[in-house]
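Each protein sequence line maps, in turn, to chains A and B. Counting in the numbering used here, the first sequence tops out at residue 549, every number present. Counting in the numbering used here, the second sequence tops out at residue 728, every number present.
If you are wondering where the hints come from, they were derived from the structure by calculation, not from laboratory data. Think of the CB as a built atom: it goes at the ideal place given N, C-alpha and C, for glycine as much as any other residue. Be aware that a few hints might be false.
Computed footprint of chain A on chain B, listed as stretches where at least three residues anywhere in the stretch have a Cβ under 8 Å from a Cβ of chain A [said to hold, decoys possible]:
1. 621-635
2. 645-655
3. 679-689
4. 718-724
Residues of chain A placed beyond 10 Å of chain B at every Cβ, according to the derived structure [unchecked claim]:
5. R82
6. S214
7. K243
8. A387
9. N393
10. S452
11. K457
12. G486
13. K501
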Amino acid sequence: MKRSFCIMMLALLALWFIPGWASQAQATQAQTVNLVIGGQAVVPDAPPVISSGRTLVPVRVIAEGLGADVDWNQQTRTAVIRRDKQELVLRVGSNLAQVNGKQVKMDAPPLMSNQRMLLPIRFVSESLGITIGWVESTRTVVANETPQALLNGQPAPETIKFYQMDGTLYVTAQAVADALGQTQVTWKKPERGLTIDGQLVLPLERMEAELGGSFSWEPDEGKVRMERINTFTGVALDGDRVKVKMDYPVTPKDFVLTNPNRIVLDLPHTVLAAGLRKELSGKKGGQSTAADSLTRSDEQDEREYEGDAGDEPDGLRQEEEKAELVADLRYSQYGSSPDTVRVVVELKQKSPYEILYTDEGIELKLQPKSGYLIVVDAGHGGNDPGAIGTAGNREKDFTLAVANKLVGFLRQYPEFQVVATRTTDVFLTLAERVAIANEREADLFLSIHANSFSNPKTGGTETYYYNANSKEFAQVVHKHLQQATGFSDRGVKTAGYYVIKNTRMPAVLTETGFLTNPSENSQLTSPAFQEKVARALANAIREYYESHR
Amino acid sequence: MKLRFQALGAAIFSVLLLAGCGQQAAPSPQPDSAGGSGASVGQPSTAAETRQTISVFYADSDLLQLQEEKREISYTDDVDKYKKAIALLESPEQTETHFPLWNNFHYHSVTFANGQVTIDADGQNVYNLGSSGESMALEALKKTLFQFPEVESIVILEDGRQVETLMGHVEITEPFTRE
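Bound conformation, chain A alone (with noise of 0.2 Å):
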């Protein structure tokens, strides 16, 4: 490794500019930073440090410890770092950098700060095949060589991320579950990592205990090998539920199809069993029946049914008793690198479903229309609170409790079937509502909500309707609301809120009253003055659905 470094690059520490790490930086002094480097410790003359809510690291030890040469311009402002086969130009003040000759924008320039050089680390790092990262609870930045990685055998998503420390490689757990198709995992043994940048970074060498499969690091080839294939053993129906079986619990694209209805889920690094590859091959060779495997309209994605979708795979069609709701049930080996299992659910009608992950693969849970179905919207969640009343309360909060309330109500009554949008402290958004609604072909939706107003006197109750077909059933949940509440009648009114425009059944959405009026925000927070509201919304739900029969 030849060492070139102009005489002004010694006396001038490039200074490698770590945004986001210097936002733990407590003290106005500066407050030392350890450095491992190609998985070793390295104690460097200049240490790096956190000053003025930034980290500075001698670029030099980095370049040293991995093997990159820096050269310096002076006049220029220019920087050339080499390594490897890879060079890197950049130059102060020019967010255009040259990457092996060409040329590439950055987000942000390099800058000049008391005769230091500062140079975007991910930027800079990232185009000499570096990783780095920073440890937050040694307070320690880790740089390494970036290995080849392979996930069967293709290669891994650069969101999978090696870390080298104490002879140890480190991997971005939750990336390689998510690129084997597997969002949901509970780790075994998380404490046996660390955190890197936010993220869990666990032991190459656990991840066969945690996931299954096979990893492996060969250090010296700078390669690391990772392989998981999911087998797909059948699937069956068992009640209301679809239960595919396979070894792990892989989070399926799923779509559905219609003309006939569908629901098709395709399960990603997964391959048939021997036995199921054994029975298809049979099959081919023998007497097929005219209508095998998978036909020829389960080929489509997610778009409209066109019907000439090019050959037909081998697959193995299962016969089911005739259930009421299912079909039939159909799968193939549909697809390589990956490799993907699609599975077919026909269905005798339309019907929304629910993934539940369990020990033995997946299974959907139908949820077909059985009644007259009501949807009951809690507003708000999760991130977005709604309004806050005079004490300090969440509209969330009380919308949550009326729905609930509501939906107990109504269940009660044999005929109807109850949806709803959320039953605890979650965010979703207004499509995300409506599409519950409309997918489900719902017959009523009623979306619960409290105002507020920066006048505390202002107060009252109001519901909201939209299209022509909502205007009968606002009437009436006006009725019994106003009378529970005994707020100001603020009446009936139309606007185009976007959960009662979009929605294509009778929708309304009503405002109780108002959380930032003092003496009505006691009542909306007391759980007596809920109950009593939710039971008017029932009795008002009851009486339209009476007169509609």
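Please build the complex by placing chain B on the supplied structure of chain A, with the hints as guidance.
Okay, now just chain B, sitting in the frame of chain A:
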């Protein structure tokens, strides 16, 4: 990982701020000189500024109807005019009967091109309005900006991105146009 890069970008940006490059504008309500002289439109007062009397809209005390006030502003160009108008939405003169529908409304930028005003709102803003309030606030904003004939449409973004809604009830994915 995406989050990380955004944090990176934001942090680098903030370094540039420390270096004094670029400003993050937060409008402060403009106290108005209630001159009371005749409503003249577009009279130059200084070499660079234009004075104009405009309409600004607020809520009534019951949050039922919008109320109009005539206010005077001075501005250097169209964008400055919009910013001054938006700032006035926060401070009615007749505080007994007029209530502002916008408070501490921070934005990253206001731009104007091809008849479209784009307001890039700060994602940290807290609005604390129900559906009625949100609806009236947007109405007030629309009426205030559409009084200028060159404004054909209004787009509201949040932190540079299109969002479904500002306060949770009204969809803002499509530009507002004159009715």
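Hints and how they fare:
1. 621-635: violated (count 0)
2. 645-655: n = 3 at 8 Å, threshold three: holds.
3. 679-689: holds (count 5)
4. 718-724: holds (count 3)
5. R82: holds (24 Å)
6. S214: holds (25 Å)
7. K243: holds (34 Å)
8. A387: A:A387 is in fact no farther than 10 Å from some Cβ atom of chain B, at 5 Å.
9. N393: The claim stands: A:N393 keeps its Cβ more than 10 Å from every Cβ of chain B (closest is about 12 Å).
10. S452: violated (5 Å)
11. K457: violated (7 Å)
12. G486: Per Cβ check, A:G486 is outside 10 Å of chain B; nearest 18 Å; holds.
13. K501: For A:K501, whose nearest Cβ neighbour in chain B is about 8 Å away, the distance does not exceed 10 Å, so it is violated.
Hints 1, 8, 10, 11, 13, counting from the list given before, are not met by this structure.
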